[in-house]
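Visitor: What the sequence shown shows, in full-length UniProt numbering, is residues 1 to 259, in sequence order.
Since the hints were derived computationally from the structure, they do not count as laboratory data. Predicted, not measured: the structure shown is a model, and the values here were computed from it. Just so you know, even glycine gets a beta-carbon here, dropped at the ideal spot from N, CA and C. Just to be clear, a hint being listed does not mean it is correct.
[What the hints assert, rightly or not] Derived lysine to any residue pairs resembling SDA-like cross-links, with alpha carbons at most 25 Å apart: (1) Lys-146 <-> Trp-76; (2) Lys-170 <-> Thr-115; (3) Lys-127 <-> Gly-151; (4) Lys-146 <-> Asp-70; (5) Lys-138 <-> Thr-228; (6) Lys-127 <-> Lys-237; (7) Lys-170 <-> Trp-76; (8) Lys-237 <-> Tyr-106.
[Unchecked claim] What follows is a list of derived Cβ distance ranges for each label pair: (9) Gly-50 <-> Thr-183: 41 to 47 Å; (10) Arg-243 <-> Thr-183: 32 to 38 Å; (11) Glu-247 <-> Glu-85: 34 to 40 Å; (12) Lys-136 <-> Glu-231: 19 to 25 Å; (13) Glu-85 <-> Leu-62: 26 to 32 Å.
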Amino acid sequence: MSSLLTFCYSFVSSIFKFTMTQVQVFTDFDGTLSLDDTGLLLIDDRRSMGPERRRVLEHEILEGTKTYRDAVQEMWDSVHLSWDEAWAEYFNNCTIDPGFPAFNDYCREHNFPVTVVSSGLIPVLEKIMTNFLGEKAKDIEIIANKGEVTGRDWKITWRDDSIYGNDKSKTLEKARATATKDTIFVFCGDGVSDISAAKHADVLFARRGRDLEFYCKREDIPFIAFDTFAEVEQVVKDLVEGRSRIETSASGFCQVVPK
1 MSSLLTFCYS
11 FVSSIFKFTM
21 TQVQVFTDFD
31 GTLSLDDTGL
41 LLIDDRRSMG
51 PERRRVLEHE
61 ILEGTKTYRD
71 AVQEMWDSVH
81 LSWDEAWAEY
91 FNNCTIDPGF
101 PAFNDYCREH
111 NFPVTVVSSG
121 LIPVLEKIMT
131 NFLGEKAKDI
141 EIIANKGEVT
151 GRDWKITWRD
161 DSIYGNDKSK
171 TLEKARATAT
181 KDTIFVFCGD
191 GVSDISAAKH
201 ADVLFARRGR
211 DLEFYCKRED
221 IPFIAFDTFA
231 EVEQVVKDLV
241 EGRSRIETSA
251 SGFCQVVPK
């Protein structure tokens, strides 16, 4: 009897796994996955641009008088710290959202791919991710800009020629082209560079109190405000386990509603 029960349990479990809702997770890094903005830490340094000029540029981005790429290019051109100084004074103290490791483990258990899409620099992100997640970081694809440091000068090499330098919507569009029709696309962000990707997500999470939340409210785009990835995990679980569903509005945007 015990053998029969074991067989039935395995059979039912295999069916559940086969029919389970598929999810793909995409997240910004600076200010979203990481509680610190690695770029701003350097840009706000007294040896660089500093916060006053940086805030002027951010205002110009939001008002549409300067492209994101042009503004951030000016920011990075102002950075004058060595690689070792950047790590000793800033990056070694960076922290990631305390809810992310558990959420990442949940995604790994269910074979939900997690992708970091960032306007930051690949070498910085890779090292910080490895510091916090160890070997698990290798399973997370990072799509960001290349960068190199020569002495005290930082050079950013943009991923594409879009106004964002790395148009995150292209990453989601490429993934959706090969995903099953019912795959749920989750995107988590906090800033202006996340706007293009936000429009392609089924579930949009905007970190509370940041520019992306402000933009979504202004443009009437459905989103879920969050403070920690533990909240993201709960919403994803509710979708996967059937307690909620995705509903598309007349404007074409999606939102999560209870069943």
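Visitor: Name the hints, by number, that the structure is in violation of.
Guide: 6, 10 and 11
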